[in-house]
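Using the numbering used here, the first residue of the sequence shown is number 39, and each one after it goes up by one.
Quick caveat, the hints were computed from the structure, so don't treat them as lab data.
Just to be clear, a hint being listed does not mean it is correct.
Pairwise CB distance ranges, derived in the manner of DEER restraints [to be verified]:
{"#": "1", "residue 1": "Ile87", "residue 2": "Leu121", "range": "20 to 30 Å"}
{"#": "2", "residue 1": "Ala196", "residue 2": "Met143", "range": "22 to 32 Å"}
{"#": "3", "residue 1": "Thr221", "residue 2": "Val118", "range": "39 to 49 Å"}
{"#": "4", "residue 1": "Val220", "residue 2": "Ile96", "range": "33 to 43 Å"}
{"#": "5", "residue 1": "Glu216", "residue 2": "Arg77", "range": "17 to 27 Å"}
{"#": "6", "residue 1": "Ile96", "residue 2": "Asp139", "range": "15 to 25 Å"}
{"#": "7", "residue 1": "Gln236", "residue 2": "Leu70", "range": "22 to 32 Å"}
Calculated cross-link-like contacts (lysine-lysine; reagent style DSS-like; alpha-carbon spacing at most 25 Å) [unchecked claim]:
{"#": "8", "residue 1": "Lys110", "residue 2": "Lys150"}
{"#": "9", "residue 1": "Lys150", "residue 2": "Lys187"}
{"#": "10", "residue 1": "Lys71", "residue 2": "Lys110"}
{"#": "11", "residue 1": "Lys212", "residue 2": "Lys150"}
{"#": "12", "residue 1": "Lys150", "residue 2": "Lys71"}
{"#": "13", "residue 1": "Lys188", "residue 2": "Lys212"}
Beta carbons: idealized from backbone N, C-alpha and C, even for Gly.
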Amino acid sequence: SSSSSSAAQDEADDDDADDADVVRIAVLPGNLKSPRDFRPFRQCLLDPINDPPPDIVITTPASLGPMALSPKNVDLFADVGTLVVDEADMLLDGGYVRQLDNVLMGFRRADKLAVRMGGDGWGEGGGTKYTEKVQGWVDDFGSEALVVKKTQHVMVGATLPDVGLRSVDAYLRKRFPESVRVTMRGMHNARHYGLREQTVWIKDGEDGRE
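Work out the full structure, taking the sequences as your base and the hints as a guide.
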């Protein structure tokens, strides 16, 4: 039938896909005692070639916050290039400030340790902060200097209330005094022409779930 042939073609396209074009997304649940309790993290530590780490991890402050409390989990936060907090205005204006503070503390700890160690790996998971060359900066040997690249924080919200005792705007300005603000008209109506999107569900080999 046409539907079966179409499905077969989709599978063939998936097999031919370049790994560089594949975005691996994982959803981190709550009630985990350790990052190793999450299969995608555990598998990438055991076999990083055949099981690369997720490119994007979706979670909540309530799920990630408890892990940030333990210094043993610093390598988890060290390997994150960008932290995106969606609906930041709702989280900070509601009852999630403490949980979000815990998450931010985990990233601050990882950044401070990375600067102290110069970006070298640490911890059981071998977490590593990325380093990048900075044009115009040179080290003592005349080579372009490498600097530790801290986790980028992106706070996204439709509005940033600046009134009341718990002003979201004041909170962000205090926490991130050097932040750059980006606004645009019709942000929610933006169209990305030419973007091809396809979702591929991968079954969990341990329990057969998708």
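Against the structure, the hints come out as follows:
1. Ile87 <-> Leu121: 20 to 30 Å: holds, 26 Å
2. Ala196 <-> Met143: 22 to 32 Å: With a Cβ separation near 26 Å, alanine 196 and methionine 143 satisfy 22 to 32 Å, so the hint holds.
3. Thr221 <-> Val118: 39 to 49 Å: violated, 25 Å
4. Val220 <-> Ile96: 33 to 43 Å: Since the Cβ atoms of valine 220 and isoleucine 96 sit about 22 Å apart, the hinted range of 33 to 43 Å is violated.
5. Glu216 <-> Arg77: 17 to 27 Å: violated, 37 Å
6. Ile96 <-> Asp139: 15 to 25 Å: holds, 20 Å
7. Gln236 <-> Leu70: 22 to 32 Å: holds, 29 Å
8. Lys110 <-> Lys150: Answer holds: lysine 110 to lysine 150 is near 15 Å, not above 25 Å.
9. Lys150 <-> Lys187: holds, 11 Å
10. Lys71 <-> Lys110: Between lysine 71 and lysine 110 the Cα gap is close to 11 Å, so the pair holds against 25 Å.
11. Lys212 <-> Lys150: holds, 18 Å
12. Lys150 <-> Lys71: holds, 24 Å
13. Lys188 <-> Lys212: It holds: about 18 Å lies between the C-alpha atoms, which stays within 25 Å.
In this structure, the hints that do not hold are numbers 3, 4 and 5, in rising order.
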